[in-house]
Amino acid sequence: MPDPDVSMTVHHPEPGTAVIEITGDVTAACEPALMSAYEQACAPGTRFLILDFSGLTYMNSGGIGMLVTLLVRANRQQQKLAAVGLTDHYRQIFELTRLDEAIALHADAASALASA
Amino acid sequence: MTSPAPGGKPAVPRDVGNWATKVDRLSAPDGKAAVGYNVTGKKVTGPQQGFGRLWQRTYSADLGSVVGAQALVSDWKVNFGDYWPPGSVFHNTLTGIEPGDVAPIEVGIASHGPKLATGILVLYADDDSFTFMTPEGHMFAGMITFSAEERDGRTNVEIRILIRPNDPLWEMAWPVAKRKEDVFWMGTLHNLAAHYGVPDVEVTEETVCIDRKRLWSNWRNIWHNSGIRSGLHILTAPLRMLRPHRADR
Numbered sequence: 001m002p003d004p005d006v007s008m009t010v011h012h013p014e015p016g017t018a019v020i021e022i023t024g025d026v027t028a029a030c031e032p033a034l035m036s037a038y039e040q041a042c043a044p045g046t047r048f049l050i051l052d053f054s055g056l057t058y059m060n061s062g063g064i065g066m067l068v069t070l071l072v073r074a075n076r077q078q079q080k081l082a083a084v085g086l087t088d089h090y091r092q093i094f095e096l097t098r099l100d101e102a103i104a105l106h107a108d109a110a111s112a113l114a115s116a
Numbered sequence: 001m002t003s004p005a006p007g008g009k010p011a012v013p014r015d016v017g018n019w020a021t022k023v024d025r026l027s028a029p030d031g032k033a034a035v036g037y038n039v040t041g042k043k044v045t046g047p048q049q050g051f052g053r054l055w056q057r058t059y060s061a062d063l064g065s066v067v068g069a070q071a072l073v074s075d076w077k078v079n080f081g082d083y084w085p086p087g088s089v090f091h092n093t094l095t096g097i098e099p100g101d102v103a104p105i106e107v108g109i110a111s112h113g114p115k116l117a118t119g120i121l122v123l124y125a126d127d128d129s130f131t132f133m134t135p136e137g138h139m140f141a142g143m144i145t146f147s148a149e150e151r152d153g154r155t156n157v158e159i160r161i162l163i164r165p166n167d168p169l170w171e172m173a174w175p176v177a178k179r180k181e182d183v184f185w186m187g188t189l190h191n192l193a194a195h196y197g198v199p200d201v202e203v204t205e206e207t208v209c210i211d212r213k214r215l216w217s218n219w220r221n222i223w224h225n226s227g228i229r230s231g232l233h234i235l236t237a238p239l240r241m242l243r244p245h246r247a248d249r
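Residue numbers (the working numbering), protein chains in the order written: chain A, 1 to 116; chain B, 1 to 249.
Hints are computed from structural coordinates only; laboratory data are not their basis.
Incorrect hints may have been included.
[Stated by the list, open to error] SDA-like cross-link-like pairs, simulated, lysine to any residue; straight-line CA separation at most 20 Å:
id, chain 1, residue 1, chain 2, residue 2
1, B, K22, A, E95
2, B, K43, A, Q92
3, B, K43, B, P99
4, A, K80, A, H12
5, B, K213, B, A177
6, B, K22, A, D88
7, B, K22, A, A104
8, B, K43, A, L99
Everything numeric in this text was worked out from a predicted model, so none of it was measured.
Please construct the entire structure, taking both the sequences and the accompanying hints into account.
Quick look at the structure:
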């Protein structure tokens, strides 16, 4: 599998909430990077995870599969998952695959935080 | 290559032609309505819309250097159903597999006799892979990706499945369905390899349970169960023959 062309940054804007900023290509190859970011995001008491896709440049079906796996892990920890910064194209992919029924879509992190 | 928009992101993502456009409900293609009765009007189902445990299953085979990855995937798209073991039919278009295509499927339950009708949506396709998503009523809710990759001059072909049994009946049938899936997809890879002159290819299989939890809120999926609906469709065939003839029936 080729090296993933992606970077992930984690920050905690407020207690109990983590944001993972994803920049680059989301494919199955970036699963280790995403799961590592998830571990960082899971500080004790984290109940709300925001995936920021503002820097997303490419996604294939392997990327969707990886998000399903992340969703299962988050559900197991009783964490809510939201996605922000999706362009219309990627928003439609979330809707087509019905991921939007399990991952709340918001325009930006501020509106996701307001909904929490 | 697209020109970047202000801010450095491409104005048009480079995957834009690889994805199906959004549809709320599927329709069988023209001329395939008679076999697409369990597809038309259905929504697609991702793993989170299914009922049973979530499984990731991977079948792979090393075809050596007889064919490149992109040539293999290109051929696989055009002749997809021809590589299936006998008894099941994939009703694709003549041009092959394109994002957004809907293909009815008839699955052989036994070597002869009635077939279970269901189908797929082509969710994604590029030069190296293509992915199907299943409709309501299908045995499984989820995605199946067919891909090939070149490593050190050798081509590895892979089928990766991420699925939940769609309803309580399919979940109960999982032990049997799992074995049938093994026979079916391993047979497909054997046929594909034999086509390229690799008759005794070794197919490896890996199964991982991603989520042991059953999604009880989705038990009503049984309403769409394609096994039950295929049985009813077969039983009511004489009644349909009494109705006035319509084209495409």
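These are the hints, each one checked on the structure:
1. Among the hinted pairs, B:K22 with A:E95 is consistent with the structure: their alpha-carbon atoms are about 7 Å apart, no more than 20 Å.
2. For the suggested pair B:K43 and A:Q92, the alpha carbons sit about 15 Å apart, so the restraint of at most 20 Å is met.
3. Under the criterion of a C-alpha separation no larger than 20 Å, the hint pairing B:K43 with B:P99 is consistent with the structure, at around 16 Å.
4. In summary, the hint linking A:K80 to A:H12 is supported, as the alpha carbons are separated by about 15 Å, within the 20 Å threshold.
5. The straight-line distance between the Cα atoms of B:K213 and B:A177 is roughly 19 Å, inside the 20 Å bound, and the hint therefore holds.
6. Between B:K22 and A:D88, the direct Cα distance comes to roughly 11 Å. Compliance with the 20 Å bound is thereby established for this hinted pair.
7. Restraint check for B:K22 and A:A104: the C-alpha separation of about 18 Å stays at or below 20 Å, so the hint holds.
8. Taking the CA atoms of B:K43 and A:L99, the gap is about 13 Å. The hint holds against a cut of 20 Å.
Every hint, counting from the list given before, is met by this structure.
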